[in-house]
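Trainee: Read off the chains here:
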Amino acid sequence: EDQVTQSPEALRLQEGESSSLNCSYTVSGLRGLFWYRQDPGKGPEFLFTLYSAGEEKEKERLKATLTKKESFLHITAPKPEDSATYLCAVLGGSQGNLIFGKGTKLSVKP
Amino acid sequence: SAVISQKPSRDICQRGTSLTIQCQVDSQVTMMFWYRQQPGQSLTLIATANQGSEATYESGFVIDKFPISRPNLTFSTLTVSNMSPEDSSIYLCSVEGSGTDTQYFGPGTRLTVL
Chain A
1 EDQVTQSPEA LRLQEGESSS LNCSYTVSGL RGLFWYRQDP GKGPEFLFTL YSAGEEKEKE
61 RLKATLTKKE SFLHITAPKP EDSATYLCAV LGGSQGNLIF GKGTKLSVKP
Chain B
111 SAVISQKPSR DICQRGTSLT IQCQVDSQVT MMFWYRQQPG QSLTLIATAN QGSEATYESG
171 FVIDKFPISR PNLTFSTLTV SNMSPEDSSI YLCSVEGSGT DTQYFGPGTR LTVL
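Top to bottom, those sequences are chains A and B. With this note's numbering, letter number 20 in the first sequence gets 20, and the count goes up by one each step, no holes. Here this note's numbering = 1-based position in the second sequence + 110.
If you're looking for bench data, these hints aren't it; they were derived computationally from the structure. Just so it is clear, the structure is predicted and the values come from calculations on it, not from any experiment. It is possible that part of the hints are untrue.
Here are some chain A residues pointing at chain B (derived, C-beta under 7 angstroms) [said to hold, decoys possible]:
id, residue
1, Pro-44
2, Ala-53
3, Phe-72
Computed, partial: chain B to chain A, Cβ under 7 angstroms [what the hints assert, rightly or not]:
id, residue
4, Ser-208
5, Asp-211
6, Pro-217
Glycine included, every Cβ here is placed at the ideal spot set by N, Cα and C.
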């Protein structure tokens, strides 16, 4: 069964405390892995697309990496404005649709 | 990336009634997608809407409950019919970026059914 699992469900960090979010997946025929940020009351905002193992993408304090089984979203020296829910999604599988994980809710305290 | 708007942004409805959600895109797109995000759950695809053809529904979703229109390449509607409290969710539309597999999302419609 095609599946996306994100961990942890929630993460509390102090400002400046670096950490990583995990997205593990089982899907046949991966066509891409996507990271989104979702603020309360808003739609998901696109961050990154990764297509193949070993690929990395960076944007400000965020860096996404991909292996054959999982992806990590590394947050370096986070700030309170990085607080949001981060969603991982994979494209592929038997239906060829975008399959989302439940997300990791990140809180960064000043 | 596309700019997507949705109306209404939120609504509170009575059981048994229907609500139509509108999704407008600032550019022409082939496929539009409708998702549901229930509290504490991941986004779940309801259906894919192509202009000029019937929408394709995912397992667990039926046209009688969630009729979709796609009259042109920039607009779509999703109706939630005969609502019950279990339909309380955020409903999101999305489109694929031109030449990419990346989907871009609208701001969502928060629906509460009493």
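Trainee: When the structure is checked against the list of hints, which entries are broken? Sort them ascending.
Mentor: 2, 3, 4
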